[in-house]
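The residues making up each chain are set out below.
Number of protein chains: 2
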Amino acid sequence: MRGLLEPDNLRVVLIATRNPLNLGAAARAMSNFGFLRLRVVNPYELAFREARSAVGASAVLKHAEEFQSVADAVADCSLVVGTTTLRERERHHELYRLEEGAERMRGSLASQPVALLFGSEKTGLSNEDLSHCHWLMHIPTREKHPSMNLGQAVAVCLYEIVRSEHAKISPDPAEHASAEKLERITEVLLDALRDSGYLSPKASQTSEAKVRRLIRRLHLDAGDAELLLGMLRQIVWKLRSRK
Amino acid sequence: MRGLLEPDNLRVVLIATRNPLNLGAAARAMSNFGFLRLRVVNPYELAFREARSAVGASAVLKHAEEFQSVADAVADCSLVVGTTTLRERERHHELYRLEEGAERMRGSLASQPVALLFGSEKTGLSNEDLSHCHWLMHIPTREKHPSMNLGQAVAVCLYEIVRSEHAKISPDPAEHASAEKLERITEVLLDALRDSGYLSPKASQTSEAKVRRLIRRLHLDAGDAELLLGMLRQIVWKLRSRK
Numbered sequence: 001m002r003g004l005l006e007p008d009n010l011r012v013v014l015i016a017t018r019n020p021l022n023l024g025a026a027a028r029a030m031s032n033f034g035f036l037r038l039r040v041v042n043p044y045e046l047a048f049r050e051a052r053s054a055v056g057a058s059a060v061l062k063h064a065e066e067f068q069s070v071a072d073a074v075a076d077c078s079l080v081v082g083t084t085t086l087r088e089r090e091r092h093h094e095l096y097r098l099e100e101g102a103e104r105m106r107g108s109l110a111s112q113p114v115a116l117l118f119g120s121e122k123t124g125l126s127n128e129d130l131s132h133c134h135w136l137m138h139i140p141t142r143e144k145h146p147s148m149n150l151g152q153a154v155a156v157c158l159y160e161i162v163r164s165e166h167a168k169i170s171p172d173p174a175e176h177a178s179a180e181k182l183e184r185i186t187e188v189l190l191d192a193l194r195d196s197g198y199l200s201p202k203a204s205q206t207s208e209a210k211v212r213r214l215i216r217r218l219h220l221d222a223g224d225a226e227l228l229l230g231m232l233r234q235i236v237w238k239l240r241s242r243k
Numbered sequence: 244m245r246g247l248l249e250p251d252n253l254r255v256v257l258i259a260t261r262n263p264l265n266l267g268a269a270a271r272a273m274s275n276f277g278f279l280r281l282r283v284v285n286p287y288e289l290a291f292r293e294a295r296s297a298v299g300a301s302a303v304l305k306h307a308e309e310f311q312s313v314a315d316a317v318a319d320c321s322l323v324v325g326t327t328t329l330r331e332r333e334r335h336h337e338l339y340r341l342e343e344g345a346e347r348m349r350g351s352l353a354s355q356p357v358a359l360l361f362g363s364e365k366t367g368l369s370n371e372d373l374s375h376c377h378w379l380m381h382i383p384t385r386e387k388h389p390s391m392n393l394g395q396a397v398a399v400c401l402y403e404i405v406r407s408e409h410a411k412i413s414p415d416p417a418e419h420a421s422a423e424k425l426e427r428i429t430e431v432l433l434d435a436l437r438d439s440g441y442l443s444p445k446a447s448q449t450s451e452a453k454v455r456r457l458i459r460r461l462h463l464d465a466g467d468a469e470l471l472l473g474m475l476r477q478i479v480w481k482l483r484s485r486k
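Just so you know, the sequences run in chain order A and B. 165 is the number that the working numbering gives to position 165 of the first sequence; each next residue is one higher, with no gaps. If you want the working numbering, it's the position in the second sequence, counting the first as 1, plus 243.
Pulled out of the complex, with its shape left as it was, chain A reads as follows (with noise of 0.2 Å):
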């Protein structure tokens, strides 16, 4: 049996974060994908108080908790997921591409506290913080350049916890024009072709084909079709008024 994920569930832990834009940034993309619990362990002081006075701070980031020890900030959850860049340090863990560790993540998500890691700017979580996590995951950046920024990293990290966990929206299906507006638009389009001479007026029913295929091409829906229809009766009316 699957839970659905309670976003009350997780909490996003950022450790020694150094700069007040990277605190803003990741307590934004928080509020943007309804995870609205933030730790933050040690933040250089100064950072941690601008972040929070910063016109326009979150409410993530005004309610953000502050600890002493990672020990202390994750002692509820029951467990704890570390991120990090692939090639970070001797591994003792296990190591997930974000998109399977998120799938892990949603499963306790639904009954549990979950905390979420995050390490400083530089030197990404170290061997004392990691060795509180039960496992680790990776966002899949290129080896060339992996260490992404921290917001965006938790933006990432959020977006795929939440990615599939609502059901697809796919756009209203659009009516789609009738065959009998269709056949009108290729009448009036076949007539301004042959008023304006790029077809003979006795166009061959091959160049009529034509014409009536690519207006089926255009998979017109209702609105457009009436739209069009407008525009070539009127470009119609023209040509032959000045005759």
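Worth flagging that the hints you see were computed from the coordinates, not collected in a lab. Check each hint, because a few of them may be wrong.
Unchecked claim - Derived lysine-lysine pairs resembling DSBU-like cross-links, with alpha carbons at most 30 Å apart: (1) A:Lys210 x A:Lys181; (2) A:Lys122 x A:Lys62; (3) B:Lys445 x B:Lys424; (4) B:Lys365 x B:Lys453; (5) B:Lys424 x A:Lys181; (6) B:Lys365 x B:Lys305; (7) A:Lys62 x B:Lys387; (8) A:Lys144 x A:Lys122; (9) A:Lys210 x B:Lys424; (10) A:Lys62 x B:Lys365; (11) A:Lys122 x B:Lys305; (12) A:Lys210 x B:Lys453; (13) B:Lys424 x B:Lys453; (14) B:Lys387 x B:Lys365; (15) A:Lys202 x A:Lys181; (16) B:Lys305 x A:Lys144; (17) B:Lys387 x A:Lys181.
Position chain B relative to chain A; hints supplied.
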């Protein structure tokens, strides 16, 4: 037959970007995910200069191409995709969730140049910008806070495009008409509509955008575009020859 995603076919197009940090962040995400071709349209001059000269500015940013109009920036692209939040203005376009939109883009990216448009931080894409798009996609943010930071939106979109790279890519069979060709058709149709009195000689930008969107919705392939252009040219020639 399946092709591979060809990252070099993607042009990320940033329109009227105001903040140099966002230009830098967008370029960084591009580099992270292996898309190296950035185009900027009318960026705030100072922002562009600052971003380019910033310490650690990426190669992507240094090689960015600058354009004066959206039409020029997408001229060589056979698919033009806009990004939008759900609530922006009235919709005239098909709108897909990012994951579905990215899947569609991957199909084209295997063989053809594709443009992905991002509007300014404040206003997003204008109606004129949108009129150059074949369809739109949106990131599934929550209703209460839908608007993402520009750099994060770029990161999430590019992530989604590479995400399933190793999974399915079904290339589009048809060679789509280039944006340049579609713009030619739009211009000639506008001439026909003005000459026939359907539009007043000084038709508003709104009317022009309406015609431009109609042409994009037809999803013309290269052959049909040529055919339609020939027809319209002859009609305009005739309309004028009698004046």
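Looking back at the numbered hints, which does the structure fail to meet, lowest number first? 17
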